[in-house]
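Chemist: Spelled out from the first residue to the last, the chains are:
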Amino acid sequence: MNTKIWTYFTVGIFLFLGIVFLNISFGSVKIPFSETLTALTGGDLSHESWEYIILEYRLPKALTAILAGSGLALSGLLMQTLFRNPLAGPYVLGLSSGASLGVAILLMGGIWFGAFLGDDLFSKWALVLAASLGSLLVLFAVLAASLRLRDTMAILIIGLMFASLTGAVVSVLSYFSPAANLQRYIFWSFGSLGNLSWIEVGILGLFWILGIGIAIFCIKNLNALLLGERYAKSLGVSIKANRIWVIVATSLLAGSITAFAGPIAFVGLAVPHLVRQVIPSNNHLILVPSVLLAGAILMLLCDTISQMPGNAYIIPINAITSIFGAPIVIWLLMRKKKLIF
Amino acid sequence: MEKPANNPILKAENLAVGYRGKREEIVVSSGMNFSIHEGELVAVVGINGAGKSTLLKTLTKELSPLEGSIFINGVSLEEYSNKNLAELISVVLTNQTISKNLSVYELVALGRQPYTDWLGNLNETDKKAILRAMEQVELRDLSQKKCSELSDGQLQKVLIARTLAQDTPLIFMDEPTTHLDLYHKAHVLQLLKKLSQETKKAIVFASHEINLALRLCDTIILLHGSHALFGSPESLIQNGGFDSLFPAEIIEFDRISRSFQIRG
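First to last, the protein sequences are chains H and R. For what it's worth, the numbering used here labels the leading residue of the first sequence as 1, then goes sequentially. For what it's worth, the numbering used here labels the leading residue of the second sequence as 1, then goes sequentially.
Be a bit skeptical, because a hint or two may be false.
[As the list claims (entries may be wrong)] Below 16 Å or equal to it, Euclidean Cα-Cα: the simulated EDC-like pairs (lysine to aspartate or glutamate) are: (1) H/K338 - R/E149; (2) R/K200 - R/E62; (3) H/K336 - R/E135; (4) R/K194 - R/E149; (5) H/K240 - R/E62.
[To be verified] Okay, the calculated bits of chain R under chain H, using three or more residues with CB under 8 Å as the criterion: (6) 39-49; (7) 108-114.
[Unchecked claim] Partial selection, computed: residues in chain H whose CB lies under 10 Å from chain R: (8) S25; (9) S28; (10) I216; (11) K220; (12) N221; (13) Y231; (14) H284.
The hints are simulated quantities; they were obtained by calculation from the structure and are not laboratory data. All figures in this text were calculated on a predicted structure; none of them were measured in a lab. The beta-carbon is built from N, C-alpha and C at its ideal position, and this holds for glycine as well.
Please build the complete structure, drawing on both the sequences and the hints.
Modeler: This is how it looks when you write it as structure tokens:
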């Protein structure tokens with residue numbers, strides 16, 4: 001059984017490297033494969049602009065895709081195990097709704113703050129800050145609730161209620177805001193992997209490492225939770241402490257990704273299910289790296305599709321993940337005829 | 001190396017169990033005094049709502065006692081951390097959301113968690129303990145099967161094997177025989193009897209199977225009304241502890257056959 005898992009990992013890693021290369025090779029400007037390879041290995045290119053495109057645009061975008069895909073997929077796995085619920089995902093904590101609220105207030109509510117807020121306000125950093133503040137607000141509310149509640153399921157409902165609440169506020173803002181601002185907000189909500197500079201990728205990477213690190217320390221407890229909370233407690237797991245660490249890890253991952261790349265749906269919910277259909281183990285020591293790898297591959301794939309050569313437009317990443325991801329999940333479930341969870 | 005027989009693993013003194021509400025305490029059962037020794041098979045019996053689960057939850061530190069105290073190896077239960085207790089007490093519960101995607105081996109292996117490193121890696125000692133546990137419940141052939149493929153009786157045995165892998169001197173089981181047919185009920189209880197004798201672990205289980213418990217158990221904790229009786233099946237029968245357990249016009253206790261009979 002172990003050899004089977006190693007085979008999957010090897011195949012996965014080659015697939016990953018292949019798709020990274022493809023992802024960097026494709027784009028609205030046509031650059032030959034050989035030149036891409038030269039650029040990646042540090043050589044000089046025949047066109048200086050190509051080098052700039054690859055190193056300053058495509059490489060950070062590919063890295064963002066890797067960080068976002070793997071981070072969201074792991075968040076989904078963490079939530080599904082913590083709540084012992086196959087429908088859970090990063091969204092159940094209401095983080096992306098919190099981020100949406102922050103951005104909505106900035107973009108559409110800005111009009112009420114008066115004229116002293118100039119155009120600079122709508123810079124990327126303002127968006128990131130607004131999204132982070134929104135996520136943090138919801139996170140603190142959920143954390144406060146989870147400290148007081150004994151029942152983990154109740155947190156799930158509370159997270160969804162916060163999502164509903166923030167959604168309502170966003171609706172009210174949208175209703176009263178001028179078309180141009182509304183359009184800005186809608187564009188943000190499509191999600192985008194391509195707007196990050198190297199500094200921003202670095203910050204995202206820092207949050208990613210923190211989130212993954214905490215998650216790795218939770219692996220043993222997560223395995224115990226597969227038996228339910230009472231069994232986990234009898235095995236020496238501190239339920240509340242573990243709950244808080246898992247929520248913090250998920251928030252660091254999903255919160256930072258939403259702040260930088262917008263609310264990317266679907267990946268967090270779907271990737272853990274895809275992995276469970278393939279990997280014959282429920283041990284998080286195996287599931288965590290598998291989900292990270294699969295999330296990165298799926299996100300790179302979707303990003304590659306969204307910028308296929310011959311495409312004048314870049315299709316929003318959020319649409320691609322669902323258009324191509326949903327049929328795959330449906331197909332896998334139909335094939336196995338039952339949900340493995 | 002013989003331990004004096006009067007040195008109990010678990011001792012309860014003047015114990016009252018129940019729930020603490022916001023305003024009042026709901027006492028389910030009180031004034032309990034009993035002690036449990038190694039190798040004993042103990043049944044907690046009583047009618048629905050008599051407090052069997054409440055008692056087990058209190059003994060495993062899920063609930064705190066309303067009154068009195070519990071000692072394990074002479075030390076008060078309150079002084080143990082969850083981590084320490086995991087090496088002293090293992091449990092079989094009912095109605096838990098166990099992932100059915102776990103293989104039998106994976107599930108039994110989770111019993112080793114109190115002893116494994118921070119990532120949960122299994123060393124040779126752990127692997128041996130897991131294999132031994134699966135052998136003790138005769139499940140080795142099924143080790144790679146998924147739990148979703150097992151029958152209820154098999155799953156129950158897997159959960160019992162998990163407690164054996166956890167290797168604790170005390171095992172608590174909440175109704176280990178519900179959902180099982182008569183044959184499997186008897187089979188599981190006989191297995192518990194055998195395990196308690198072979199492994200010298202004390203096994204305490206709550207059950208509705210009074211007839212079977214009377215035949216197989218060393219000790220019975222009988223919860224009746226707001227008080228509890230404790231002793232060997234013989235002594236409880238002598239005391240007449242079972243005579244008034246159920247309304248006599250429907251079910252009566254026959255001392256000669258040591259079993260309950262339905263009047264008809």
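Chemist: Hint by hint, note whether the structure agrees.
Modeler: Results for each hint:
Our distance criterion of 16 Å between C-alpha atoms is met by H/K338 and R/E149, whose separation comes to about 13 Å. Our distance criterion of 16 Å between C-alpha atoms is broken by R/K200 and R/E62, whose separation comes to about 25 Å. Taking the CA atoms of H/K336 and R/E135, the gap is about 32 Å. The hint is violated against a cut of 16 Å. For the given pair, R/K194 sits about 26 Å from R/E149 by alpha-carbon distance, which is inconsistent with the 16 Å threshold.
Under the criterion of a C-alpha separation no larger than 16 Å, the hint pairing H/K240 with R/E62 is consistent with the structure, at around 14 Å. Counting residues of the stretch 39-49 of chain R whose CB falls under 8 Å from any CB of chain H gives 0; the rule of at least 3 is not met. Closer than 8 Å: that is the beta-carbon criterion, and the stretch 108-114 of chain R has 4 residues meeting it against chain H, so the requirement of 3 holds. Taken as an interface hint, H/S25 does not check out: its beta carbon lies about 38 Å from the nearest beta carbon of chain R, beyond 10 Å.
This hint is violated: H/S28 has a C-beta 44 Å from the nearest C-beta of chain R, more than the 10 Å allowed. Against a cut-off of 10 Å between C-beta atoms, the interface hint on H/I216 holds, since the closest Cβ of chain R lies about 8 Å away. Nearest Cβ of chain R to the Cβ of H/K220: about 4 Å, under the 10 Å cut. The hint holds. Residue-level restraint check for H/N221 holds (minimum Cβ-Cβ distance to chain R is 9 Å; threshold 10 Å).
Of the supplied interface hints, the one on H/Y231 holds, with its beta-carbon coming within about 6 Å of a beta-carbon of chain R, less than 10 Å. Contact between H/H284 and chain R, as hinted, is supported at the beta carbon level, the nearest pair being about 8 Å apart and thus within 10 Å.
Checked against the numbered hints above, the structure violates hints 2, 3, 4, 6, 8 and 9; every other hint is satisfied.
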